[in-house]
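Peer 1: In case you want the letters, here they are:
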Amino acid sequence: MNCNYCEWRCDLSQGEGICGRYILSDCRIEEKEPMQWVSYYYYQIEEMPFFHALPGATVLQTGTKGCNAHCNYCVNSHIAIKEESNQKLKAITGQSLAQLAINAGAHAVVFAINEVTVFLPSALEAAQAAHEAGLKTGCLTNGYLTEESTSLLGNAMDFINISLKSLADDFYQENLGLPSVKPILRNIKALSKMAHIEIVTPIVHEISCHEVLEIAHFIAEVDKNIPWHLFKLQPAYRRIGENSLDIGAMIEIVEQAKQILPYIYFGNFAGSKWVNTLCPGCRHMLIKRICIGSCGSKFSSIDMVDNCCPLCGQQIPIIR
Amino acid sequence: MAKIMLDVGGWQTVVDFATGDPVDDLNDPIMEDIKQITPSIPYPGDTEPGAIDWTVDAALAVCDYYNPDFIMLAFATQQLIKINQHLTPEESVAINERIFRQVSRFLENTDYQPMIIGMGGMQDIKSVIDQSQLSTRLITSMCAYHYAGLFMSSASDAETIKNMEHIEYVISKEELRASYPDMRETYYRMLPDFLLMSSDGYVFNEIGNRGIVHKKTPQLMRELPVYTTLDRPQHILEVRGILEHAMDKGKKVALIMLEGTGTDDFKLPFTMMDNQTEWFVYDQGLSQYLAAATGKKFYEYDYPPVVNSAAYLNTSEKYPFSQHFTFLPEDTIGRRPDKRTAAVGTRSGFIHETTMADICVECHSRQLSMSGVFVLVNDPKGEKRWG
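Line by line, the protein sequences give chains U and E.
One point on numbering: in numbering that gives the first Met the number 0, the residue at position 197 of the first sequence is 196, and numbering is uninterrupted.
One point on numbering: in numbering that gives the first Met the number 0, the residue at position 359 of the second sequence is 358, and numbering is uninterrupted.
Pulled out of the complex, with its shape left as it was, chain U reads as follows (with noise of 0.2 Å):
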């Protein structure tokens, strides 16, 4: 019997598929630990990173353990990928979640830490309970989900990050053992027509001026109000000890970059002049934000009336 979460589509009658996060039971597909969470903490949402979803807000961000890629560069390897002897997870209810949330003054839940995809169940109901509570939803996501998953998660969140590496399936083969990017860009196309999206592009290595602007072509094609990060990764697990981007040479490449795509951020290293929200039509700065290092940048002050720019009244795509 085949898994049909992600789109490896694993056998579970003859074992534990690659993520291991599932299992067979009775002839359905289960997951292994549902509604178990490793830990949960509060961040600003731009930290996630989204930054046209409730500019500001405080979220508490939860997830599990496990992932279906295998980065080589992998930052949260420790959960993701190698699974510590002590590690437990612990059982909460998507309504005491949504309570946490709730009791630290947090707009959203956002699923986060380790990919959606292993937990998809336990995230669809935590996000049915945060939205009855009065709250929104979001997550994170390697895009590597069936047709099937794509539609349940896009139903279930108000916003969602995906992670968009390369668009060539050897960096995905070398890089992050999945066979093909195909099924994420068809699944970028999918989600941008039924949540908001953003996308993030983690660097850990040189990358082309061309290979960029062919991404932010991509990314034009299917919205081009789809805001889009470049985060600057520091090289971890296999990757450990390489050096990391020039950002120098980057930045000259995003410049380029904005020509195509109105919303380019370029950040996840301290200092980064690059996290700002600039009105495409007049250049007045809407929201000001400050990059403290890595894990992302923080909410500093917004300028807008609604959701359009005070100066030429451009309306600017933002969920608040």
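No more than 27 Å apart at the CA atoms, straight line, and that leaves these computed lysine-lysine pairs for DSS-like:
(1) Lys295(E) - Lys250(E)
(2) Lys295(E) - Lys172(E)
(3) Lys250(E) - Lys266(E)
(4) Lys257(U) - Lys181(U)
(5) Lys296(E) - Lys248(E)
(6) Lys214(E) - Lys31(U)
(7) Lys125(E) - Lys214(E)
(8) Lys125(E) - Lys87(U)
(9) Lys214(E) - Lys89(U)
(10) Lys295(E) - Lys248(E)
(11) Lys214(E) - Lys266(E)
(12) Lys257(U) - Lys223(U)
(13) Lys266(E) - Lys251(E)
(14) Lys172(E) - Lys296(E)
(15) Lys34(E) - Lys251(E)
(16) Lys34(E) - Lys317(E)
(17) Lys287(U) - Lys317(E)
(18) Lys257(U) - Lys192(U)
(19) Lys287(U) - Lys257(U)
(20) Lys89(U) - Lys125(E)
(21) Lys272(U) - Lys317(E)
(22) Lys161(E) - Lys172(E)
(23) Lys125(E) - Lys161(E)
(24) Lys272(U) - Lys287(U)
(25) Lys192(U) - Lys181(U)
(26) Lys257(U) - Lys188(U)
(27) Lys223(U) - Lys181(U)
(28) Lys81(U) - Lys214(E)
(29) Lys214(E) - Lys87(U)
(30) Lys125(E) - Lys81(U)
(31) Lys296(E) - Lys317(E)
(32) Lys272(U) - Lys34(E)
(33) Lys161(E) - Lys89(U)
Since the hints were made in silico from the structure, they are not lab data.
With chain U held as given, fit chain E onto it using these hints.
Peer 2: This is chain E only, laid out in the frame that chain U set:
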């Protein structure tokens, strides 16, 4: 204007310390010099043993440039590694010995009189304290390993806490204010409903924010080992006064803080000094740094030992690069107006947040994710000669 220079793998930018805004028109010869220095001291990372050597490399660079009368060297690497990684006994010993070799290297290459403090050894976690009967979870923060706060408590929680195991001390917000009426209003406002101190080795949470299971925890040390060629402190709160007195006599002094080093692995002849005020034991982390740098008791600080950091995520206030701190201590050894001061180390944030020294060089890391080197040039005093 105080400024921060951030060096991320050779890419550099300067921002205003108070606002975080970019400083485009630098016109600052000191900062221009600092920008030339930092590329030669790239930070290896929080859990890299090379970060121990980095502390001394950075300290020697600062001494060479600024020749401070006071310098703090903070070695956090041992604690960070031992909390987050399984080590063999040999690896564990090697890290500690590396610290002492590097401390010797610093002292052999300078003319500082040292005050070396072992902030406490590391131990296995005895148990995680059961909080299941409380109405909400306890909050831990800011390396206050043996402290937790209960915010938004319910009526039944007071009784529940009394019956919780492995709790050494509990005090309510109102009891704290009644005991220490001089505490600042902000301190009082940020206090939890109940502040709890655990027994040695018992933790409130064994998993960090990123989901890393902690392998060790600091010892709760009521006394700390200290080696010095200056007067011997009997209490951690005497450290600042002794260092200042030595500076008054024209000596250059180095406060050397060793996280993860206790009495068993302190490689120099030491004496013990008290590390508690009444019931409060200064934990390995922020409170020990503040105690040494300010000489003040725990209830005289700007912030309580545990704050509900989720309530302070917004950085629109001052000092966005200083965690939740929107005001920083002014009465510290580092703020002394007639002496040059510096602080260097691998405890991101606490280096400048506790000393407020003229020049602070620290790693810039968040949750073990390394961003580079952070240099604060902190309102240099006009009458000083630089270099």
